[in-house]
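There are 2 protein chains.
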Amino acid sequence: MQTLDVINSVTELSDTRVTGKTVVIIDVLRATSVMVTALSYGAKKVIPVLSKEEAFSYRNNHPEELVILAGERNADPIEGFDMGNSPVELIPGKIDSATLVMTTTNGTRTIRKADTASELYVASFLNAKATADVLGSTKELVLIASGTDGLYSVEDVLCAGYLISLLKQMNQNFHLSDAAIAALNLYESNMAHFPGITTEGRHYNILKKKGKNADLQFCFLKDKFPVVCQQKEGAIVKI
Amino acid sequence: MQTLDVINSVTELSDTRVTGKTVVIIDVLRATSVMVTALSYGAKKVIPVLSKEEAFSYRNNHPEELVILAGERNADPIEGFDMGNSPVELIPGKIDSATLVMTTTNGTRTIRKADTASELYVASFLNAKATADVLGSTKELVLIASGTDGLYSVEDVLCAGYLISLLKQMNQNFHLSDAAIAALNLYESNMAHFPGITTEGRHYNILKKKGKNADLQFCFLKDKFPVVCQQKEGAIVKI
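Just so you know, the protein sequences line up as chains A and B, in that order. Everything in the first sequence is counted per our numbering, starting at 1 for the first residue and increasing by one. Everything in the second sequence is counted per our numbering, starting at 1 for the first residue and increasing by one.
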């Protein structure tokens, strides 16, 4: 039997839930949306790091690579970094073969905490279909909605629900956990007016108040990029 | 501003989320449904305990009280106990002034873990309306969906959503967290065919396979009892 579970926030994430399983990390606003966009636009790899010091250190230790430092703290730019945590700052053709070193709070923390998984994918609405296409034969699949500040964030669970809905359309026969049933219900009950109740969510409104409307529009585009992103030897790469 | 949060399982429950706040513990299948029913039928108080030893010890130490021991382990009866963990085993008039000592895994654990709350209520579908009626002026309200074995359980979040929907009907102006927005969405998208997707849930189907259909029917009756249940000095009582 194939099983499909959803972890509703990084707080719930424990080794028991992910060890030896296939996990998909989702942080729609905006870490995994940035990663997917960067790899789709030609970046060679994405290195998630936890601190800006770790990011600077990566650049210093890899003079042979074109390193782009991306990230922000409380939506403010970080001094010495090349860009913020925004997919619309990325320009196709300008990051060919680059290494994007990203420091974000939620997405990166989740990726690190899930490292006992047997396979780790990174997804967002932007590449949901392409990702679902490679997950069909997975035995134990766990979609991880990163959340915000350790809390449930509705846009991430909505994206998990979208992935489940795509797998269902492919006639996949996963046994859904209760959290997966609820995520699918969340997506299906909001798909007619997508992204639905997400526009009432906390993180969505924080970004809206900061004028990040272009990001909000971009991050909810479904299946813009036919790219599958997976962690290999500590880096997220396109497979 | 009044705030309303939902905790999706006991795993998420931390002091930060509940200390000094008003909490409502929900364990539809079946701990809080039993508690609400017992108090409605005339029991004086409910004492939640974690082990059967603690239950026997309570009876030994309170010879002056009519003590009824209730609970089960993996849906099997406990030797020396008076009843299982089932609301349909309770008979009005037979438990007048009794003390119901209950040992259940999920509900009891949640109650103990939330004891830094300023006020602690116990609710289920059976007394949702009565409970919502006393929560209208709460400043920081946290609905705790106990879950099953530490995991998200859809019937508990559905009940949280029902409570939020009742508060909304009363024109209460709570600011909803993302988890609260999702719980309300879960209820509203299933209310026309209530209990909706709960019938696909894990705990629901475990009880169904064990032939507990009468319990399942009973636990999803909305607002059968106009009783409010609150913890006072270590016991759950009717207020």
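Check each hint, because a few of them may be wrong.
Restraint ranges, calculated between C-beta atoms of paired labels, are given here [said to hold, decoys possible]: (1) B:THR116 - A:LYS168: 18 to 24 Å; (2) A:LYS94 - B:PHE194: 17 to 23 Å; (3) A:THR199 - B:LEU66: 38 to 44 Å; (4) B:THR116 - A:GLU65: 47 to 53 Å; (5) A:ASN171 - B:LYS222: 32 to 38 Å; (6) A:GLY80 - B:THR199: 54 to 60 Å.
None of these hints come from the bench; they were simulated from the model. Fair warning: this is a prediction, and the values are worked out from it, not measured in the lab. Beta carbons: idealized from backbone N, C-alpha and C, even for Gly.
These are the hints, each one checked on the structure:
Checking the proposed 18 to 24 Å range against THR116 of chain B and LYS168 of chain A shows it is violated: the Cβ atoms sit about 41 Å from each other. Checked against the given bound of 17 to 23 Å, the beta carbons of LYS94 of chain A and PHE194 of chain B, roughly 53 Å apart, lie outside it. In this structure, THR199 of chain A and LEU66 of chain B break the distance hint of 38 to 44 Å, their C-beta atoms being roughly 55 Å apart. The hint said 47 to 53 Å for the Cβ distance between THR116 of chain B and GLU65 of chain A, and at roughly 49 Å that hint holds.
In this structure, ASN171 of chain A and LYS222 of chain B meet the distance hint of 32 to 38 Å, their C-beta atoms being roughly 36 Å apart. The supplied range of 54 to 60 Å is met by GLY80 of chain A and THR199 of chain B, whose beta-carbon atoms lie about 55 Å from each other.
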